[in-house]
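Number of protein chains: 2
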Amino acid sequence: MSRWRPDARQRLERAAIELFAQQGFAATTVPQITSRAGLTTRTFFRHFADKREVLFGGDEAPGLAARLIADAPAHLDPMTLIVDGLRTVAETRFEGRREEFRERRAIIRSDERLRERDLRKRSALCEAIREGLISRGVGTATAALVAEISVTVLNVALDEWLDRDGDRTLFEIILDTLASLQTAVASFPAGPSVRGHDNAPPGRAPGA
Amino acid sequence: MSRWRPDARQRLERAAIELFAQQGFAATTVPQITSRAGLTTRTFFRHFADKREVLFGGDEAPGLAARLIADAPAHLDPMTLIVDGLRTVAETRFEGRREEFRERRAIIRSDERLRERDLRKRSALCEAIREGLISRGVGTATAALVAEISVTVLNVALDEWLDRDGDRTLFEIILDTLASLQTAVASFPAGPSVRGHDNAPPGRAPGA
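So the protein lines, in turn, are chains A and H.
No gaps in the numbering here: position 85 of the first sequence is 83 in our numbering, and each next residue is one more.
No gaps in the numbering here: position 186 of the second sequence is 184 in our numbering, and each next residue is one more.
One thing to keep in mind: the hints can contain errors.
Identical copies carry no separate label here, and so any pair may be met within one copy or between two of them.
[As the list claims (entries may be wrong)] SDA-like, lysine to any residue: derived pairs with alpha carbons at most 20 Å apart:
#, residue 1, residue 2
1, 119, 107
2, 49, 89
3, 119, 60
4, 119, 162
5, 49, 160
6, 119, 64
7, 119, 108
Simulated from the structure, these hints should not be mistaken for laboratory data.
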């Protein structure tokens, strides 16, 4: 019975992270993970291609992002859509699991190949968001930018959330991060150096 | 004499890109590259660890970014500093070499390992900018955000520049991209859905 429980994926993730943290990523086997989770290896491989994928959500993030974007009401502008999506992800995937994601981050940082895989996953997520936005009629450059912003804001906020112990939720930190982003990009082009660009030859942006 | 000419690096880059485009990345050897550039393999290895590095600027980007940030006047705010840096990079590294960078991009896109290397380079550049900003006293979250924005804006603008044939300079496209970024992030939180969040109970998604 237990292997059919709907939380099988999360139990496998927890068991794997605990084992990776205790005995190292390389030394941990799939049977050890399934034994600790009380599930079969068959169940494991229904959810994950290999033990490495447990650390990266088993490729679900790009598909989830694509669905959230496709299902959003047509009138939503891209950034509002993204903020709604980030809220959903923060609340359903991360909230309440801070210690587990801290361990996950430490394991990934400890291994060059895991770091590379992490970069590839971010890139795949970014690409899924970009394509989803283009399918909604967003221009290619804006779609690329908003996709990058989404992934950046999520990752910067995640690091903040994992570095702290306060009561602020991940979604609150995401909103803080977005506000910081607004402040940072709003500061350009009012700075003294860029105003100096006004005197540059044509083809340059004006002070505006 | 010729191998000491200050443009040795650029000549090696051009020769390598031409050969990669003509005969493929895998089939091209370092002696073929140096022969075409009229330089020695010793000169090649003073500039690049291997042929792959020719496609990625031989690790110079993070060091260049670190120097630009460290040398900038103390009063510059982070975004102004970044825009100045992007201008320097656009005008000294990219402008006038569009066809070569088009070929470079096509070669990188054609090979999974080159794409991974590209992601690692972006990550290393981002890290160098982040650390440079933190050394100037910028807060860690803002530094991480501004670093990500810098790399994102450069890459989105580069793709636009490479996809087109118009007269707009890369730096003009960078400024357009920054303006699009400002517009995109300014649209939040004024959107209808996000306004709805004000009425939502803490910690859960609104009607979205």
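Within, between, both or neither: residue 119, residue 162 at alpha-carbon 20 Å: Neither: 24 Å inside a copy, 29 Å across copies.
When no copy is specified for residue 119 and residue 107, does a C-alpha distance of 20 Å or less occur within a copy, between copies, both, or neither? This pair counts as both: shortest intra-copy Cα distance 14 Å, inter-copy 17 Å.
Which holds for residue 119 with residue 64 at a C-alpha limit of 20 Å: within a copy, between copies, both or neither? within (14 Å within a copy, 27 Å between copies)
Residue 49 and residue 89: within-copy, between-copy, both or neither at 20 Å Cα: This pair counts as neither: shortest intra-copy Cα distance 25 Å, inter-copy 46 Å.
20 Å Cα threshold - placement of residue 108 relative to residue 119: both (17 Å within a copy, 19 Å between copies)
First find the shortest C-alpha distance between residue 119 and residue 60 inside one copy, then the shortest across copies, and answer within, between, both or neither for a cut-off of 20 Å. Only inside one copy: residue 119 and residue 60 sit 8 Å apart there, 22 Å across copies, limit 20 Å.
Regarding residue 49 and residue 160, is the shortest C-alpha distance of 20 Å or less found within a copy, between copies, in both, or in neither? neither (23 Å within a copy, 39 Å between copies)
In the structure shown, a violation is registered for the earlier hints numbered 2, 4 and 5, in ascending order.
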